[in-house]
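Chemist: Given these sequences and hints, build the entire structure.
There are 4 protein chains.
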Amino acid sequence: MDKINQIKISKGMKVNELVKGMKYTAFNAGKLSIAVDILEEMIKDKDCRVFFGQAGALVPGGMQDVINEFLRNKWVDVFVCTGATLTHDLVEGLGFPHLKLEDGFDDNKLNEQGYDRVYNSLMQNKAYSALEDFFNKNWDGLSKAGNIREFLTLLGGISPKGTILRTAYENKIPVFCPALADSGIGLMIWGRKAAGRKISIDAFDDMKEIIDIAWTAKKNGVFYVGGGVPKNFIQQAMQFGKPASYGVQVTTDNAEFGGSSGAPLQEGISWGKMQADARFVDVNCDATIAVPLILAGLKDRL
Amino acid sequence: MDKINQIKISKGMKVNELVKGMKYTAFNAGKLSIAVDILEEMIKDKDCRVFFGQAGALVPGGMQDVINEFLRNKWVDVFVCTGATLTHDLVEGLGFPHLKLEDGFDDNKLNEQGYDRVYNSLMQNKAYSALEDFFNKNWDGLSKAGNIREFLTLLGGISPKGTILRTAYENKIPVFCPALADSGIGLMIWGRKAAGRKISIDAFDDMKEIIDIAWTAKKNGVFYVGGGVPKNFIQQAMQFGKPASYGVQVTTDNAEFGGSSGAPLQEGISWGKMQADARFVDVNCDATIAVPLILAGLKDRL
Amino acid sequence: MDKINQIKISKGMKVNELVKGMKYTAFNAGKLSIAVDILEEMIKDKDCRVFFGQAGALVPGGMQDVINEFLRNKWVDVFVCTGATLTHDLVEGLGFPHLKLEDGFDDNKLNEQGYDRVYNSLMQNKAYSALEDFFNKNWDGLSKAGNIREFLTLLGGISPKGTILRTAYENKIPVFCPALADSGIGLMIWGRKAAGRKISIDAFDDMKEIIDIAWTAKKNGVFYVGGGVPKNFIQQAMQFGKPASYGVQVTTDNAEFGGSSGAPLQEGISWGKMQADARFVDVNCDATIAVPLILAGLKDRL
Amino acid sequence: MDKINQIKISKGMKVNELVKGMKYTAFNAGKLSIAVDILEEMIKDKDCRVFFGQAGALVPGGMQDVINEFLRNKWVDVFVCTGATLTHDLVEGLGFPHLKLEDGFDDNKLNEQGYDRVYNSLMQNKAYSALEDFFNKNWDGLSKAGNIREFLTLLGGISPKGTILRTAYENKIPVFCPALADSGIGLMIWGRKAAGRKISIDAFDDMKEIIDIAWTAKKNGVFYVGGGVPKNFIQQAMQFGKPASYGVQVTTDNAEFGGSSGAPLQEGISWGKMQADARFVDVNCDATIAVPLILAGLKDRL
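Residue numbers (numbering that gives the first Met the number 0), protein chains in the order written: chain A, 0 to 301; chain B, 0 to 301; chain C, 0 to 301; chain D, 0 to 301.
By construction, these hints were calculated from the structure, which means they are not laboratory data. In this text the structure is predicted, and so the values were computed from the model without any measurement. A portion of the hints provided could be inaccurate.
Note that identical chains are pooled: a pair holds if it fits in a single copy or bridges any two copies.
[Claimed, not checked] Restricting the straight-line Cα-Cα distance to at most 16 Å, the calculated cross-link-like pairs of lysine to aspartate or glutamate (EDC-like) are: (1) Lys-43 / Asp-299; (2) Lys-125 / Glu-111; (3) Lys-218 / Asp-132; (4) Lys-43 / Glu-101; (5) Lys-125 / Asp-139; (6) Lys-2 / Glu-131; (7) Lys-2 / Glu-266; (8) Lys-2 / Asp-102; (9) Lys-99 / Glu-255; (10) Lys-143 / Asp-201; (11) Lys-19 / Asp-139; (12) Lys-171 / Asp-36; (13) Lys-298 / Glu-16; (14) Lys-192 / Asp-211; (15) Lys-10 / Glu-39; (16) Lys-207 / Glu-68; (17) Lys-218 / Asp-46; (18) Lys-160 / Glu-68; (19) Lys-2 / Asp-64; (20) Lys-2 / Glu-101; (21) Lys-207 / Glu-149; (22) Lys-99 / Glu-266; (23) Lys-10 / Glu-68; (24) Lys-192 / Glu-208; (25) Lys-160 / Asp-64; (26) Lys-19 / Asp-299; (27) Lys-192 / Asp-299.
Modeler: The following block contains the structure:
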């Protein structure tokens with residue numbers, strides 16, 4: 000057995016040095032370090048397709064460019080997220096940054112002032128009008144989509160520079176979002192439909208695409224931040240495509256409550272979602288801390 | 000201010016007595032007691048439409064009939080859940096009960112033996128064949144659906160007695176499941192489509208229905224168990240329909256990580272999802288403990 | 000393997016019926032049910048000495064009499080807790096009930112008004128004067144104690160009826176509190192000492208007593224609510240006395256952060272604190288919900 | 000209001016740059032960044048006495064030198080911790096490093112092989128013999144102590160270089176440990192006493208010292224990692240000495256269960272433990288991740 004490393008911190012230390020030093024520490028620091036090792040290995044493995052699933056308010060949290068880096072560097076082959084992430088992303092892109100809440104707030108006053116609270120981050124309510132304008136103006140092009148992935152590719156092509164949607168588009172990374180209806184972008188689609196504008200998006204068509212990507216890969220790797228539908232949707236593709244050979248999960252949920260978001264990657268072996276001999280690790284940490292650390296480690300190594 | 004009640008426990012005590020006795024205790028016992036009061040009030044309020052959103056593996060957890068009771072007693076007007084819940088529900092109905100895991104398991108062996116693990120509950124893998132048969136046999140009827148809610152109504156009509164799907168159908172309670180693609184039932188639809196059988200389900204059509212239900216209500220009430228897409232989808236209907244006047248949330252997630260599942264109901268006031276003067280409470284407790292307690296309390300009162 | 004029980008809730012259901020019905024459910028409901036079974040067995044086992052360790056603000060939470068029941072029924076042989084619990088207990092006994100916080104509070108105003116906040120429960124600051132009077136009046140008797148356990152026995156003998164301290168005294172159950180210095184009662188001792196009144200309490204003398212109790216038992220059983228020093232101090236007695244044959248733990252902490260409070264009982268096997276063939280279970284639930292349920296179950300069975 | 004910063008991660012990024020970049024992010028990344036700012040300010044404030052309270056298995060986690068750095072740089076004036084930390088510390092110092100657990104362990108086998116498990120870190124059981132030898136050899140010097148702080152100062156003077164105990168001694172930082180009886184070192188004291196060797200350590204004598212340090216300070220600052228008795232003991236010194244002007248807390252516990260470990264620093268205002276206008280922040284993160292980040296930030300700034 001290895002000795003636990005009583006980690007030394009030095010002046011001017013680089014993030015990658017810190018992450019490497021954590022390798023033989025215990026608890027979540029050790030897991031975080033191993034997460035970077037596994038991600039490094041899965042990204043370098045030319046035979047491996049990397050599926051990145053993300054839930055939680057990472058864009059209001061300040062992590063838009065952190066996600067972009069995974070796409071921009073083509074470290075991932077497939078991106079799956081919530082509708083909320085794409086809405087927050089587009090709202091930032093349209094010029095409505097999220098704002099950092101100060102102490103002493105009152106939700107009723109925030110409502111009157113037009114701020115929508117996500118813990119200590121605020122969305123500006125007036126962004127909805129900008130979304131309306133954006134979708135009105137661009138509807139004809141978008142309405143050609145037949146499934147959600149296609150819709151998001153078309154949307155990515157016209158999204159502002161710097162958005163996740165645009166970055167994925169520019170790097171030819173498909174974006175899946177099974178519950179897009181459950182979001183501000185979904186509301187935009189619903190609003191146009193209600194106004195009699197045509198669009199026909201099949202709810203089940205995407206499944207074939209993502210399962211085919213997993214099925215035709217030599218190997219698969221998964222990177223989950225936050226659980227939810229994005230994780231579960233990728234897990235399903237692993238089960239019916241090909242079980243993952245690598246896995247990293249960052250979540251603050253617990254296994255023992257039985258939900259998918261807190262399920263350890265280990266459980267996936269029973270389902271055939273994870274290879275029995277896969278390399279994987281679960282990290283229990285707020286994503287706004289863990290993912291920047293992981294990214295900084297990877298940037299120095301890749 | 001009220002005094003904290005140093006609760007007395009008596010021999011033969013009924014659950015409802017226990018729950019009432021918790022009212023003036025602190026922490027989550029006090030919250031649980033108030034949750035029952037608020038649910039009682041929202042169910043009794045004839046002007047109020049009750050939206051029940053549920054995520055997490057409640058059926059593998061043994062809570063299928065607990066959910067049914069809310070539907071069977073017509074305490075709720077709308078039910079929103081994950082595709083996993085409906086799949087687990089149908090699998091139970093088709094004669095494949097979940098099994099309780101014994102100690103000393105090995106996920107690789109479970110995989111070889113055909114068991115899919117959800118913490119300490121197991122799904123029997125052979126249920127997938129039964130699902131295949133069921134959907135093959137019933138496809139023609141199901142394929143008439145144009146949106147997910149319609150599909151689930153049709154599915155409810157042919158589901159075995161005792162399932163959530165059937166109970167909702169019998170009580171004319173619409174079931175929404177925005178991310179149905181992310182589930183075993185979704186896979187069944189995908190499989191039929193892949194085999195050339197026709198179905199055309201619009202991904203965004205349900206939104207109009209649920210928002211209309213919220214819009215046309217005099218008042219709305221929400222009951223969330225476990226967060227996820229079901230909660231967020233109802234919250235969206237509150238925001239664009241009519242803010243909730245009552246709310247109860249059971250979750251084990253934390254507010255400070257910023258995700259929707261852990262967001263306190265209070266946050267909804269800023270969004271216009273919750274009335275500023277609404278009665279609401281958040282309970283942090285495993286749903287398999289909290290929801291049976293709540294139900295037993297309600298059964299004695301309603 | 001057993002089937003998961005889809006639990007049925009009936010009108011007028013007793014708590015013990017509910018708890019029994021949870022036995023073949025999964026997640027924490029199943030664990031809670033097994034916890035009652037194990038406690039029933041360890042209490043009935045005439046050869047077993049039961050150690051009850053408790054941390055967390057259970058008295059401000061309304062659980063004073065819940066703890067008393069375990070003592071009053073002589074279900075436990077040793078009680079270990081924090082100094083805070085004993086202080087809260089005495090304060091209640093001296094006529095200063097905790098109060099339930101209303102919404103819209105301001106910690107600065109609470110401070111000015113003399114309320115000390117414990118989440119949503121308040122201690123009345125004026126209780127400190129009553130404590131001063133109580134200890135001034137009773138000092139001569141108390142100061143004969145040579146160790147903390149003796150001090151608490153003497154204190155129990157003069158504490159008001161209904162307190163944990165008095166109930167333990169009346170039932171001849173020793174109370175240990177290794178960190179008594181870390182509490183309001185500790186401050187009272189410090190205050191008298193500072194005023195020149197004599198007392199000489201050895202910090203390490205109690206260890207012999209508790210280890211001897213564990214050492215001379217045929218079997219030991221442990222019941223931990225909330226972790227902390229009380230759990231760890233009992234675990235130490237198991238390790239150097241005799242490993243436990245039964246264990247129940249109620250905690251909301253997580254294993255993976257490495258702290259003692261979240262450590263699963265299973266870990267104790269490696270240390271020799273728990274027998275390899277012991278019956279034990281960990282329940283992740285707010286104690287204010289779990290412990291009343293456990294108690295109500297036990298009252299119907301014992 | 001400030002805009003949320005969509006943080007940019009660069010190649011070769013230093014930890015301090017990362018931490019600074021997190022300042023205007025939301026959730027726990029933002030809090031971590033502010034924690035470093037507050038610690039920087041409290042350490043630089045010549046009028047401020049800094050109290051560092053630590054609970055949890057940080058030494059088995061690989062954080063011994065991380066703690067040392069706070070002492071070695073004289074950034075803290077008082078150190079309060081659990082007996083477990085000091086035992087783990089001394090065990091490392093005596094040449095028994097903790098070991099990193101590999102997968103596929105069995106607690107019963109670990110017990111037979113002499114390993115004591117702390118999640119995924121192992122203590123070597125044979126360290127107890129080394130502890131026995133150490134205390135036998137050094138007893139005469141140690142037994143002159145009259146209180147726990149004195150005992151730990153004497154122990155620090157003879158502890159191996161590189162231990163927390165020794166580092167605190169060398170930098171004249173008093174170490175308090177109210178529950179020292181609850182630890183391996185406590186057992187060593189008990190063992191000597193049982194063998195008839197003399198020592199007389201007063202359980203309540205330390206309180207005067209720590210309260211006096213707080214009382215005579217112009218200002219106080221607190222840094223809590225992990226809650227427990229160390230936090231509560233310092234909070235008590237703030238309440239009866241002088242309320243803190245600065246505060247940083249790293250914990251993974253939740254406020255709503257009512258325990259001291261999860262209590263937000265904000266609550267301390269009601270008690271008079273924290274100034275109403277103090278600067279403080281709570282960070283919810285595994286200490287093995289958060290504390291190295293904080294330290295690396297401080298090293299670059301101080």
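Chemist: Work down the list of hints and note, for each, if the structure agrees.
Modeler: Against the structure, the hints come out as follows:
| no. | hint | result |
| --- | --- | --- |
| 1 | Lys-43 / Asp-299 | within (13 Å within a copy, 33 Å between copies) |
| 2 | Lys-125 / Glu-111 | within (12 Å within a copy, 41 Å between copies) |
| 3 | Lys-218 / Asp-132 | neither (43 Å within a copy, 31 Å between copies) |
| 4 | Lys-43 / Glu-101 | neither (42 Å within a copy, 25 Å between copies) |
| 5 | Lys-125 / Asp-139 | neither (24 Å within a copy, 46 Å between copies) |
| 6 | Lys-2 / Glu-131 | neither (58 Å within a copy, 23 Å between copies) |
| 7 | Lys-2 / Glu-266 | neither (28 Å within a copy, 20 Å between copies) |
| 8 | Lys-2 / Asp-102 | between (44 Å within a copy, 15 Å between copies) |
| 9 | Lys-99 / Glu-255 | between (33 Å within a copy, 14 Å between copies) |
| 10 | Lys-143 / Asp-201 | both (12 Å within a copy, 14 Å between copies) |
| 11 | Lys-19 / Asp-139 | neither (50 Å within a copy, 44 Å between copies) |
| 12 | Lys-171 / Asp-36 | neither (26 Å within a copy, 41 Å between copies) |
| 13 | Lys-298 / Glu-16 | both (12 Å within a copy, 15 Å between copies) |
| 14 | Lys-192 / Asp-211 | between (30 Å within a copy, 14 Å between copies) |
| 15 | Lys-10 / Glu-39 | between (26 Å within a copy, 15 Å between copies) |
| 16 | Lys-207 / Glu-68 | neither (27 Å within a copy, 36 Å between copies) |
| 17 | Lys-218 / Asp-46 | within (6 Å within a copy, 55 Å between copies) |
| 18 | Lys-160 / Glu-68 | within (13 Å within a copy, 44 Å between copies) |
| 19 | Lys-2 / Asp-64 | between (37 Å within a copy, 15 Å between copies) |
| 20 | Lys-2 / Glu-101 | between (44 Å within a copy, 11 Å between copies) |
| 21 | Lys-207 / Glu-149 | within (13 Å within a copy, 22 Å between copies) |
| 22 | Lys-99 / Glu-266 | between (38 Å within a copy, 15 Å between copies) |
| 23 | Lys-10 / Glu-68 | between (27 Å within a copy, 11 Å between copies) |
| 24 | Lys-192 / Glu-208 | between (25 Å within a copy, 13 Å between copies) |
| 25 | Lys-160 / Asp-64 | within (11 Å within a copy, 45 Å between copies) |
| 26 | Lys-19 / Asp-299 | within (11 Å within a copy, 19 Å between copies) |
| 27 | Lys-192 / Asp-299 | neither (47 Å within a copy, 45 Å between copies) |
Checked against the numbered hints given earlier, the structure breaks hints 3, 4, 5, 6, 7, 11, 12, 16 and 27 and satisfies all the rest.
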